[in-house]
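Undergrad: One line per chain: the protein sequences are E and H, in this order. First residue of the first sequence? That's 1 in my numbering, and the numbers climb one at a time after it. First residue of the second sequence? That's 1 in my numbering, and the numbers climb one at a time after it.
Heads up, some of the hints might be wrong.
Copies of the same chain look alike in the list, so a pair counts if it fits in one copy or across any two.
[As the list claims (entries may be wrong)] Subject to a maximum C-alpha distance of 20 Å in a straight line, what follows is the list of computed EDC-like cross-link-like pairs (lysine to aspartate or glutamate):
{"#": "1", "residue 1": "K125", "residue 2": "E508"}
{"#": "2", "residue 1": "K145", "residue 2": "D156"}
{"#": "3", "residue 1": "K418", "residue 2": "D371"}
{"#": "4", "residue 1": "K27", "residue 2": "E518"}
{"#": "5", "residue 1": "K125", "residue 2": "E518"}
{"#": "6", "residue 1": "K578", "residue 2": "D98"}
{"#": "7", "residue 1": "K566", "residue 2": "D503"}
{"#": "8", "residue 1": "K152", "residue 2": "E504"}
{"#": "9", "residue 1": "K125", "residue 2": "E230"}
{"#": "10", "residue 1": "K74", "residue 2": "E242"}
Treat the hints as calculated values from the structure; they're not laboratory data. Note that the structure is predicted; figures quoted are calculated from it, not measured.
2 protein chains.
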Amino acid sequence: MLRSHTCGALNISNLGNDVTLSGWVQKSRDLGGMTFVDLRDRYGITQLVFNMESHEALCQEARKLGREFVIQVKGKVIERSSKNKKIPTGEIEIEVADLTILNAANTPPFTIEDDTDGGDDLRMKYRYLDLRRNPVRENMILRSKVAIETRKYLADQDFIEVETPVLIKSTPEGARDFVVPSRMNEGEFYALPQSPQTFKQLLMVSGFDKYFQIVKCFRDEDLRADRQPEFTQIDCEMSFVEQEDILNTFENLTRHLLKVVVNVELEDFPRMTFDEAMRDYGNDKPDIRFDMKLKDLNAQAQNKGFKVFDDAEQVLAINAKGCAGYTRKQLDKLTNWVKRPQIGAKGLIYVKCNEDGSFKSSVDKFFGQEDLAEWAKVTDAEAGDLILVLSGTANEVPKQMSELRLEMGEQLGLRDPKVFAPLWVVDFPLLEWDEETQRYHAMHHPFTSPKPEDLDKLDTAPGEVKANAYDMVLNGSEIGGGSIRIHDRDLQKLMFKHLGFTDEEAQEQFGFLMNAFEFGAPPHGGLAFGLDRLCALMGGSESIRDFIAFPKNNSGRDVMIDAPAKIDDTQLNELNLKLNP
Amino acid sequence: MLRSHTCGALNISNLGNDVTLSGWVQKSRDLGGMTFVDLRDRYGITQLVFNMESHEALCQEARKLGREFVIQVKGKVIERSSKNKKIPTGEIEIEVADLTILNAANTPPFTIEDDTDGGDDLRMKYRYLDLRRNPVRENMILRSKVAIETRKYLADQDFIEVETPVLIKSTPEGARDFVVPSRMNEGEFYALPQSPQTFKQLLMVSGFDKYFQIVKCFRDEDLRADRQPEFTQIDCEMSFVEQEDILNTFENLTRHLLKVVVNVELEDFPRMTFDEAMRDYGNDKPDIRFDMKLKDLNAQAQNKGFKVFDDAEQVLAINAKGCAGYTRKQLDKLTNWVKRPQIGAKGLIYVKCNEDGSFKSSVDKFFGQEDLAEWAKVTDAEAGDLILVLSGTANEVPKQMSELRLEMGEQLGLRDPKVFAPLWVVDFPLLEWDEETQRYHAMHHPFTSPKPEDLDKLDTAPGEVKANAYDMVLNGSEIGGGSIRIHDRDLQKLMFKHLGFTDEEAQEQFGFLMNAFEFGAPPHGGLAFGLDRLCALMGGSESIRDFIAFPKNNSGRDVMIDAPAKIDDTQLNELNLKLNP
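Excised from the complex, chain E in its bound form:
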C-alpha cells in the first residue's frame, strides 16, 4: 500500500508513530515558518505540517502543491497546538519528513467543497470531480449501504437472489422498450427489460418460493425532470402468500432499512384504500407527514348563486392552519401559483377565519357569515386559519387541490425531510381508462389479479374492479408497488382479452408464461421498490439524480462520456441496419 493509514484513522493514541499517508491536497496555508496542508481522502482529513526551519527544501516543495494534487507523505504523528475538536483527527498532525507528488492536478473547474461554486451542467460534465465532494459521495455510500442491508435482510429471510436476463423480448404493452439489434439473428432484436416481471413469476413456477434481485431496468420514455432511462429496482416475489404476508414482509424490510441506515424508528405503517387516498388527498400517494385533508364543499357551497361553484362538478377546500394572517400579496402569489399551466386552476377562493370569530373571504358577495361558518365546520377551521377553495371538474380539482395542499405543507414547514411517514395504499383499481387509445389499460400490469369478489364486474363495470394491488408510499412518493398475481391460465387469458389482446397476440407475447401456468403454478405475489427514489428519500433529497453515480440528463445523454454517439458504418452493416435518411 502507498499508505500505512488512511486520512481518517490517526488520533491522539498514535502520537509518535511513523506513518505514511496518501491523498489529495484539500488546501494549504503558509504561516511564516510553517506550511500546513489538509490532506484528504474518502475517510477524512489529516493536517500535515512542513517546517521551514528543519526541512527547508521540503517546505519549499510543499508550498508549490496545488489544490487536488495527489501526494504521499511520510512523517511522525505529533500533537497539535490548536486542536480541532470537530473532526476525529483534529488533535494531531503529521510532521512531514518526506513528500512525493504522485500526480499533479490542474485547477478543478469548480471547488471541491460541500457547497461548490459549480453549476449543474459543469458538475455533470466533470462528474468524477463532483463525486469527490462529501455530500455527493455520502449519497453513494448511503446507496451502497441500502443495497447491502436489503440483501442481508432478505437473504436472512430465505430469499434467493437470482439474476434474470437483460437481453429479452420486446412487448408492446406498457412503456416503450429500448431494443438491441441482434447480429447473429438477422432482422431480430432483443429488448432491455422494463422489469423482470415475467421471469420472477416463472421462478415462482419453478418453486423458488422467495426471490429477490436488485436489478437495472430500462424505459425509453420522454424523460420528466426526475426520470432516468435506466433505473434500479429491488424486485421481489413470494409464493403461497396472501397480500397481508407481502405487506408485512416488506414493511419490516423498510423499517429495518430506516433503522440501520438513517437510525429512524418507524411504527406500524398505516393502511389506506386507493379510494380513501383519492377522497382525502386527491392523490394515490399522499404525503401524510401532515393532515390538511381535502374536504368536499359541494353541499355547502353550491346553489348559493355563485356561478363558478354552481357550474363546477366539485368544490374542494383545505384548511391552512394558522394562515389567516396571509397578506394580499401572499394570497395573490398563491392564486398565480394555482393558475400556472402545471396546476391549471382557474382561480383560488379563500376564507380567513378571524380571531374575533368572523370570516373574511374573497366571495363575501355571494356567501354570508353563516355560509362561511358552515365551510369552517366542514374543514375544521378555527380562528386564525385560512380556508382555501378550488372548484372545477371532478377529474381535475382533486389533483389541483392535492398540489395546493403540498405547496401549503411546504410553506408551513410540514414536510421536513428528516421526518418519515410511510403508508400502504391498497385496493387499487385493476384497470384504468385511457382517453387516447379509448380502452382500458392495466393500472399495475396485466399480471395483476383482480379481487375474486369483483370478477363478475369485469364485463359489466370494468372500471370498478379492484385488484389485490398495493403501493408503499413514503413522504408523498411512491417507493414501491406490487400485487398478487394471476396464476391461472384461463384468468390470464381473460385479462389479456379485456386489455384488447387477440388470442394470437397474447400467445405470441406471453405464451411462455401462460404455458408455464399449466404445469403447476403456485399462488404468488410480490412487489418492486424503486431503489433510486428510496435512497433519495432516505437521504432527504427530492432528486434521484443525486443518488446515481453517473446519471443521464433530460435528453437521455451522459454528458461526461458524451453518449449516445454515432457508430461506425461497419457496425451498422454487421447489424444489417440503415439509418433513415
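Please build the complex by placing chain H on the supplied structure of chain E, with the hints as guidance.
TA: Chain H in isolation, oriented as in the chain E frame:
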C-alpha cells in the same frame, strides 16, 4: 400464508401439531387403505397420508392428484411407522384432514427428478420446469450465496458498491459491442458495457478508494460452447495500492468464499509468472491439480536423423505416470485425439518405460535405448511410465501439448472437481501481436500499466514489455484478472499511440478518462472475477450455463421466451432505423 410450515420444517418434535402445508405433488402411491403423497417445495419433502377408512372421499380425491399438482393440505403431524432416516422430515407424516387443489398441472415434458429424462433442448425450452429440479436449483442457491458472501466480505473491508451505467458509449477497441439505438438522439446509439472499466477508474479519480460491483456485462461475440452474450462480473478497483495489495485482498476473498460456500480450506495461493506458465504448461491458465509439466526435448531429440523432429522448432514431452501399460488401441486413440482439427497435431510419439528398465518407443528406428534413457531423465520418467512427445512449431506445440496434458490428467483421474488448486499467474506481457490486423493489441486492455522498468522497450521491443497484470486461475480456468492501471495522462496517450490510435481517435473515445487524469488521479488497480465461471467451478461443473437461471444458446437465443424477435415497424420508425433488404 397458505402454509403454517414449509415441507422441510416438520420433525418428530412437532408430533400432534395441526399444520397447513402447500407444495407440489412429487409422487403418490396407493397402498390398499392408504394413499401416500410426497409433497415437495424448495425446502424439502413431507409425506402426506390419506386414510381410506376414516376419510374416504378425501382419499378418493387424493388418488386423482397428478404429478406436479399444486395443493394445500391441513392435518396432524403423526409418527411414521416406517421411518426414512435420510431426510429431516423422515420420521413423521401428515394425516390429512383437508385437501385443496391450488392449481392442476399437465404432465411435465420431462421428469422432475435429479436425473431427468429430458434432453438439453427440451429442458431449455421449459427452463422453468428444469429449475424445479434439485441440482439446478441448488446451483442457483450456490450462486446467490457466492454473491451475498462476496458483498458482505468486501463491504466489511470498506469497499463501496457503486452501480455504473448500462447505457454507455461504443468503443471499437476490443470485442464487439451490443448497441442500443437512441430514439431521443436521432442516429445515435448507446452501447452495453463489456466491463465498467473506465467508470471504475473514474471512481478512483473521485476518491472512492475501494469500489466493487457485481455487474452484468455484454459482448457480441460469436459464441463458443461456454460463452454467453451477457455475463456477470465481480468488478473491483482500489486506490493507492501496489500489485501485492490487490493479490492479497482478492486471494483472501476467494479463500473466504471457498470456505463459507463449499467448506474448502485453501493454503496461500502459489504464484507463477506468465513465462513460467507457458514454459511448464504451455498455457497461461495451468491446471495445477496435477504436475505432468511440459519438458523441452530439443537437445535430446533433434539431430538424430528423425526428420520430423529435426524439422520441428520444438519437441515437447510429458510423462504420463504409470501408463506404460497402455495398449496399442489406447495409444491409437490418443494419436487420433491429438490429430483432431481442434488439437491439430501431426502425430504422437510415445516411449513406454518398461518394468525391466528398457524402453519401447514408436521411434525405435531412430533412437536407441540410450537416447530414450536421456528422454526419461528429462521427463523424470520411471519404470511403468509413458512418455508422450509432440513436435512442431514453437507457436503450436505448447498449445497442443497443453491439451494432451489435460486429457491425460482427465484419463488418470487427476482432475477431481472437488479438489481446488488456485494460483496467480503474474507478469503478463503488455501487448500481443495480432496476425490479422498486423499490429499489437493490448493483452489485458489499453489501461494496463507497463512495468516501469520496461518502459524504454515500448519502442524497441514492444512484445517484450511486461505489465503489472495478473490472472487468478482455478483448476485450469481463468476466474479473474486485472492489472495496475495507468494514472498518468501522458503515459495513457503513449499507450494509445502504440495501440494504433490517432490522437483524435484516442481523444474522441477516451478523452473523458485522459482529462480526468489531469485533475489528480491516484495510483490504482483492480481486477474482475467472472462470477458465472467461479460459481461453476465451486459447484464442480465445467459449464457456466448450469449456473445461469435463464441462459442463451449458442446462437444467442433464449428459446424459452423466443428472443430475439422481430419488432414492429412503428418501433423501427421511432428509432429512425431500417432493416437492410
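Undergrad: Work down the list of hints and note, for each, if the structure agrees.
TA: Structure-based check of all given hints:
1. Taking the closest pair of Cα atoms, K125 and E508 come within 20 Å of each other only across two copies (15 Å); inside a single copy the shortest separation is 44 Å, beyond that limit.
2. Both within a single protomer and between protomers do K145 and D156 lie at most 20 Å apart by alpha-carbon distance, with minima of 16 Å and 11 Å respectively.
3. Within a single copy, K418 and D371 get their C-alpha atoms no closer than 40 Å, and across copies no closer than 86 Å, so neither meets the 20 Å cut-off.
4. Taking the closest pair of Cα atoms, K27 and E518 come within 20 Å of each other only across two copies (18 Å); inside a single copy the shortest separation is 68 Å, beyond that limit.
5. Taking the shortest Cα distances, K125 and E518 sit within 20 Å of each other only across copies (15 Å), while inside one copy they are farther apart (52 Å).
6. For the homomeric pair K578 and D98, neither the shortest alpha-carbon distance inside one copy (61 Å) nor that between copies (64 Å) is at most 20 Å.
7. Taking CA atoms no more than 20 Å apart as the test, K566 paired with D503 passes between copies only; the shortest distance there is 19 Å, against 40 Å inside one copy.
8. In this homomeric assembly, K152 and E504 never come within 20 Å of each other (Cα to Cα): the closest approach is 43 Å inside a single copy and 47 Å across copies.
9. When the C-alpha separation of K125 and E230 is checked against a cutoff of 20 Å, the pair qualifies only within one copy, where the shortest distance is 19 Å, while the shortest distance between copies is 29 Å.
10. In this assembly of identical chains, the alpha carbons of K74 and E242 lie at most 20 Å apart only when taken from different copies (17 Å versus 63 Å within one copy).
This entry does not satisfy hints 3, 6 and 8, going by the numbered hints stated previously.
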